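Colleague: Sequence:
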Amino acid sequence: MHLYFLMIFFAALPAWFLSTLEGWITVDCTRAAVSSPMECTVGERFAFSSRNTRYATWKARSASLHRHDRRGSSVSYQLVLSTASGEVPVLRSSTGSDKIERIARDLNAAIGAGSTRFSAEAPPDSLFWFASFLVFLFAGVGALIALVGKRSGKS
Numbered sequence: 003m004h005l006y007f008l009m010i011f012f013a014a015l016p017a018w019f020l021s022t023l024e025g026w027i028t029v030d031c032t033r034a035a036v037s038s039p040m041e042c043t044v045g046e047r048f049a050f051s052s053r054n055t056r057y058a059t060w061k062a063r064s065a066s067l068h069r070h071d072r073r074g075s076s077v078s079y080q081l082v083l084s085t086a087s088g089e090v091p092v093l094r095s096s097t098g099s100d101k102i103e104r105i106a107r108d109l110n111a112a113i114g115a116g117s118t119r120f121s122a123e124a125p126p127d128s129l130f131w132f133a134s135f136l137v138f139l140f141a142g143v144g145a146l147i148a149l150v151g152k153r154s155g156k157s
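The opening position of the sequence shown corresponds to residue 3 in the numbering used here, with each subsequent residue numbered one higher.
Because the hints were derived from the structure by calculation, they are not lab data.
Everything numeric in this text was worked out from a predicted model, so none of it was measured.
Check before you lean on any hint, since a few could be wrong.
As the list claims (entries may be wrong) - Cβ pair distances, simulated, as ranges:
#1 P125 - L149: 31 to 39 Å
#2 G116 - A65: 19 to 27 Å
#3 V143 - V36: 53 to 61 Å
#4 E89 - V143: 41 to 49 Å
#5 K101 - A58: 42 to 50 Å
#6 L129 - V36: 34 to 42 Å
#7 S121 - I147: 43 to 51 Å
#8 G45 - R73: 31 to 39 Å
#9 G45 - D71: 30 to 38 Å
#10 A65 - T22: 15 to 23 Å
#11 D71 - A34: 44 to 52 Å
Backbone N, C-alpha and C fix where the C-beta goes; we use that ideal spot for every residue, glycine too.
Put together the whole structure using the sequences plus the hints.
Modeller: This is how it looks when you write it as structure tokens:
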């Protein structure tokens, strides 16, 4: 019982951090006629859940947010789709993956060329993988503490 408690206790903070990060992002679009908008399904897979949303898309762009602080600078990206009701940021949170810019550029090229299908995927950025590693590392440390604590108590 103590083993499970310590594993969960130590892994809780990195697991929460991991749950705030974007995982895999997929964009699948189709349309019936060249004059109609692309019906795009944006799939977001997070560490512990997923979300699929659908938009009638006329145009796409990537919004980038540049941050500068004492530790350096970073860039995060958001996919913005132009729909009949205006521009809609479609990702739950910005991601560090610059593949979002490529997806927006390629989707605009497909819309402009009159394509009836478009598909793209962006893998998670490196911070997602680092947070995943931390979850397993912290859970392992919790298990190690619980196992070593059991052995020293028997002596």
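Colleague: Does each hint hold? Answer for all of them.
Modeller: Here's how the hints hold up against the structure:
Distance hint for P125 and L149: a CB-CB separation of about 35 Å, consistent with the stated range 31 to 39 Å. A hinted range of 19 to 27 Å for the beta carbons of G116 and A65 is consistent with their spacing of about 26 Å. At about 57 Å, the CB distance of V143 to V36 agrees with the hint of 53 to 61 Å. With their beta carbons about 45 Å apart, E89 and V143 fall inside the hinted range of 41 to 49 Å.
With their beta carbons about 23 Å apart, K101 and A58 fall outside the hinted range of 42 to 50 Å. In this structure, L129 and V36 meet the distance hint of 34 to 42 Å, their C-beta atoms being roughly 39 Å apart. Roughly 46 Å separates the CB atoms of S121 and I147, a value that falls within the hinted 43 to 51 Å. Separation of G45 from R73 is about 32 Å and conforms to the stated range, judged on CB atoms against 31 to 39 Å.
A C-beta distance of roughly 32 Å is found between G45 and D71, which places it inside the suggested range of 30 to 38 Å. At about 19 Å, the beta-carbon gap between A65 and T22 stays in the expected band of 15 to 23 Å. Distance hint for D71 and A34: a CB-CB separation of about 48 Å, consistent with the stated range 44 to 52 Å.
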